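**Student:** Given next are the chains, with one letter for each unit.
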Amino acid sequence: MLALLVAQNIAFYIIAALMVVGALRVVTCKNLMHAALWLVLVLAGAAAQYILLASEFVAITQVLVYLGAIIVLFLFGVMLTRAKTGTDEDLDNKNSAKFIGGGVAVLLLGLMGYSLIDGFKDTEFGNLMVQRTSEVSDSIFSTYLIPFEVLSVLLLAALIGAIVIARRD
Amino acid sequence: MTLLLASFAPPYWLSTLIKVLVISAVVPTTALILGMVFLFKIMSWMQSRLGPQEAGPRGTLQLLADGVKFLQKEDIAPNGADLWVFKVAPLVVLMSTLVLYVTLPASMHLVVADLDVGVFFVLAVASLSVIGVLMAGWSSASKYSLMGALRAAGQLIAYELPMVLAVIGVVIQAGTMSLNGIVLAQNNGSIFGWSGIGFPYILTQFLGFFIFIAAVQAELTQPPFDMPVAESEIVSGYQVEYTGFRFLIFFLAEFATAFVFAGIAAVLFLGGWAVPWLPTESDWYYVLGPIVLFAKVMIVSFIIFWVRFTYPRFREDQLQSLAWKVLIPLALVNIVVTAVLKVVL
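Going down the list, the sequences are from chains A and G. Going by our numbering, the first residue of the first sequence is number 96, and it counts up by one from there. Going by our numbering, the first residue of the second sequence is number 888, and it counts up by one from there.
Just so you know, the hints here were simulated from the structure itself, not pulled from any lab data. The structure presented is a predicted model; accordingly, all values stated were derived computationally and were not measured. Just so you know, even glycine gets a beta-carbon here, dropped at the ideal spot from N, CA and C. Mixed in with the good hints, there may be bad ones.
[As the list claims (entries may be wrong)] Heads up, simulated SDA-like pairs for lysine to any residue below, C-alpha to C-alpha not over 25 Å straight-line:
| # | chain 1 | residue 1 | chain 2 | residue 2 |
| --- | --- | --- | --- | --- |
| 1 | G | Lys1030 | A | Phe171 |
| 2 | A | Lys125 | G | Ala964 |
| 3 | G | Lys1229 | A | Leu204 |
| 4 | G | Lys906 | A | Ala200 |
| 5 | A | Lys125 | G | Asn966 |
| 6 | A | Lys216 | A | Thr238 |
| 7 | A | Lys125 | A | Met114 |
| 8 | G | Lys906 | A | Gly197 |
| 9 | A | Lys193 | A | Arg177 |
| 10 | G | Lys906 | A | Ile146 |
| 11 | G | Lys1212 | A | Phe171 |
| 12 | A | Lys125 | A | Phe107 |
| 13 | G | Lys1030 | A | Leu127 |
| 14 | G | Lys974 | A | Ala253 |
| 15 | A | Lys125 | G | Val975 |
| 16 | G | Lys1212 | A | Thr238 |
| 17 | G | Lys1212 | A | Ile255 |
| 18 | A | Lys125 | G | Val972 |
| 19 | G | Lys974 | A | Val121 |
| 20 | G | Lys1212 | A | Leu113 |
| 21 | A | Lys216 | A | Ser229 |
| 22 | G | Lys1212 | G | Arg1200 |
| 23 | A | Lys189 | A | Leu127 |
| 24 | G | Lys928 | G | Arg1195 |
| 25 | G | Lys1229 | A | Phe236 |
| 26 | G | Lys974 | A | Arg120 |
| 27 | A | Lys125 | G | Lys1212 |
| 28 | G | Lys906 | A | Ala106 |
| 29 | G | Lys1212 | A | Ala253 |
| 30 | G | Lys1229 | A | Ser232 |
| 31 | G | Lys1212 | A | Ser232 |
| 32 | A | Lys125 | G | Leu970 |
| 33 | G | Lys1229 | A | Ala143 |
[Claimed, not checked] Distance windows between CB atoms, simulated:
| # | chain 1 | residue 1 | chain 2 | residue 2 | range |
| --- | --- | --- | --- | --- | --- |
| 34 | A | Ile109 | G | Leu904 | 19 to 25 Å |
| 35 | A | Lys189 | G | Ala912 | 54 to 60 Å |
| 36 | A | Leu249 | G | Ser1169 | 47 to 53 Å |
| 37 | A | Leu246 | G | Phe895 | 56 to 62 Å |
| 38 | G | Ser1119 | A | Gln103 | 28 to 34 Å |
| 39 | A | Leu100 | G | Leu978 | 31 to 37 Å |
| 40 | G | Thr916 | A | Lys193 | 50 to 56 Å |
Model the full structure from these sequences, guided by the hints.
**Tutor:** Here's what the structure looks like:
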């Protein structure tokens, strides 16, 4: 049991380091395509972290939705518009924008860090059992039914909005 | 013999090593078998010609000779290419294929990892190869490659959906996403009390099977869905700048993916590694399971390649409207009917 937790911790730090490097490269890269590919590393790292937390279903959903669909749409869009190889020197923001972005990042770090520490206190993950898919679906369709339905309506609204914006006639 | 296999329980590191070695041996072998049997021989016979004759008995070793030929060719990259991305792209495609083999069960225990999320994992990992295709198309710095990659992305996104929706019917009927669970549900089931042939889901999910095979065909970018590599329009699409072993990797990945998808189809619709007259707990499946699965895979592959060799290419707009206007609505109807019947019966 203890050996497993040690292995988990080591894996967590390795993946986290990779994610941090990837995230930094996403914003400092001078090539739009490379930035999108570094983002693949970050999102795959998030999926790996979910697996370390024994929630397979969430990890696979992360792969299917983010890597399989959203990244592909990014790459597709970039290739349709500015698909040149090599570096692109004007691919940068103004200094004021950088400061605002940094401020938002620090704010998010503080907010999410506080809520995580406040939410879990000293709770330790004991015997991590792999979360069964049926448990996930049971909790979605009973305990969290109303938030789930509200989310689907929100997504539907976004979908209709996108169609309305895209259609000019 | 079978009991000996049943009592074999190696330590964790050894079993992991064995699994890695077996997968890395199985992937090229299956690609070779499909390429040899279907691409060379069956295709020739369907077109009334002999096919390769020189290498090996009746030309059966031709693909091996071709493989060696590819390996000794020079590894060329175009002048304006983004070298790093260009070189990694085939490996991304191959990795997606390798990971697909992880959940394919060859018997109750002959499986790398029997995940609880089984089918969902397969669908998620299958969608990763698009990233490799887009990387290859963009980094080649060639307009044909770029066109091919754009077509591939549009096609793979469009056919991902019918594939997922076609599988949902099976998942509803079996009540589980685990591939072994689906095999057990089919072979221990009965049709109105008669359990002579178990209950292979192709009987009730024939529509799902049809949609799944069509979507697999599109995911493999094989004719009639070969717009991304259409050699007469864009000279081979995203693969056009690749030579030598990097081209070989694309080739291997395509045929190994065809094999594993035929395997998934066999598991989902044809009862997988089991035969109806032998109970699924039998130790015989340590030997029999892989053979039965292989036979079913060959049947499904025959359908896939039969269509490939018979039909001409779709036009790009026909391809998209087939996915969005025909296959997806059909799959949705299939889900609704299956869900209603599951609750009523």
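**Student:** Against each hint, give a clear statement of whether it holds in the structure.
**Tutor:** Comparing the hints with the structure gives:
1. Lys1030/G - Phe171/A: Roughly 15 Å between the alpha carbons, so the hint for Lys1030/G and Phe171/A holds.
2. Lys125/A - Ala964/G: Measuring from Cα to Cα gives roughly 22 Å; hence the hint holds.
3. Lys1229/G - Leu204/A: violated (47 Å)
4. Lys906/G - Ala200/A: Measuring from Cα to Cα gives roughly 43 Å; hence the hint is violated.
5. Lys125/A - Asn966/G: holds (20 Å)
6. Lys216/A - Thr238/A: holds (24 Å)
7. Lys125/A - Met114/A: holds (19 Å)
8. Lys906/G - Gly197/A: Given that 25 Å is the threshold and the Cα spacing comes to 46 Å, the pair is violated.
9. Lys193/A - Arg177/A: Roughly 23 Å between the alpha carbons, so the hint for Lys193/A and Arg177/A holds.
10. Lys906/G - Ile146/A: holds (20 Å)
11. Lys1212/G - Phe171/A: holds (22 Å)
12. Lys125/A - Phe107/A: violated (29 Å)
13. Lys1030/G - Leu127/A: Holds - the C-alpha atoms of Leu127/A and Lys1030/G are around 18 Å apart, at most 25 Å.
14. Lys974/G - Ala253/A: Roughly 39 Å separates the two Cα atoms, so the pair is violated.
15. Lys125/A - Val975/G: holds (19 Å)
16. Lys1212/G - Thr238/A: Not OK: Lys1212/G and Thr238/A at ~36 Å, beyond 25 Å, violated.
17. Lys1212/G - Ile255/A: holds (18 Å)
18. Lys125/A - Val972/G: This hinted pair holds, its Cα atoms lying about 15 Å apart.
19. Lys974/G - Val121/A: holds (20 Å)
20. Lys1212/G - Leu113/A: violated (42 Å)
21. Lys216/A - Ser229/A: violated (28 Å)
22. Lys1212/G - Arg1200/G: Cα-Cα ~19 Å, so holds.
23. Lys189/A - Leu127/A: holds (17 Å)
24. Lys928/G - Arg1195/G: holds (14 Å)
25. Lys1229/G - Phe236/A: The hint holds at about 18 Å.
26. Lys974/G - Arg120/A: Holds, at roughly 20 Å.
27. Lys125/A - Lys1212/G: At roughly 41 Å apart (the allowed maximum being 25 Å), Lys1212/G and Lys125/A break the hint.
28. Lys906/G - Ala106/A: holds (21 Å)
29. Lys1212/G - Ala253/A: Roughly 22 Å between the alpha carbons, so the hint for Lys1212/G and Ala253/A holds.
30. Lys1229/G - Ser232/A: holds (17 Å)
31. Lys1212/G - Ser232/A: violated (30 Å)
32. Lys125/A - Leu970/G: Distance of about 16 Å is within 25 Å: holds.
33. Lys1229/G - Ala143/A: violated (35 Å)
34. Ile109/A - Leu904/G: 19 to 25 Å: This hint holds: roughly 21 Å between Cβ atoms.
35. Lys189/A - Ala912/G: 54 to 60 Å: holds (55 Å)
36. Leu249/A - Ser1169/G: 47 to 53 Å: Roughly 51 Å apart at Cβ, these two residues keep to the hinted range, so it holds.
37. Leu246/A - Phe895/G: 56 to 62 Å: violated (48 Å)
38. Ser1119/G - Gln103/A: 28 to 34 Å: Violated - the Cβ-Cβ distance for Ser1119/G and Gln103/A, about 53 Å, lies outside 28 to 34 Å.
39. Leu100/A - Leu978/G: 31 to 37 Å: holds (33 Å)
40. Thr916/G - Lys193/A: 50 to 56 Å: holds (53 Å)
In summary, the numbered hints that this structure violates are 3, 4, 8, 12, 14, 16, 20, 21, 27, 31, 33, 37 and 38.
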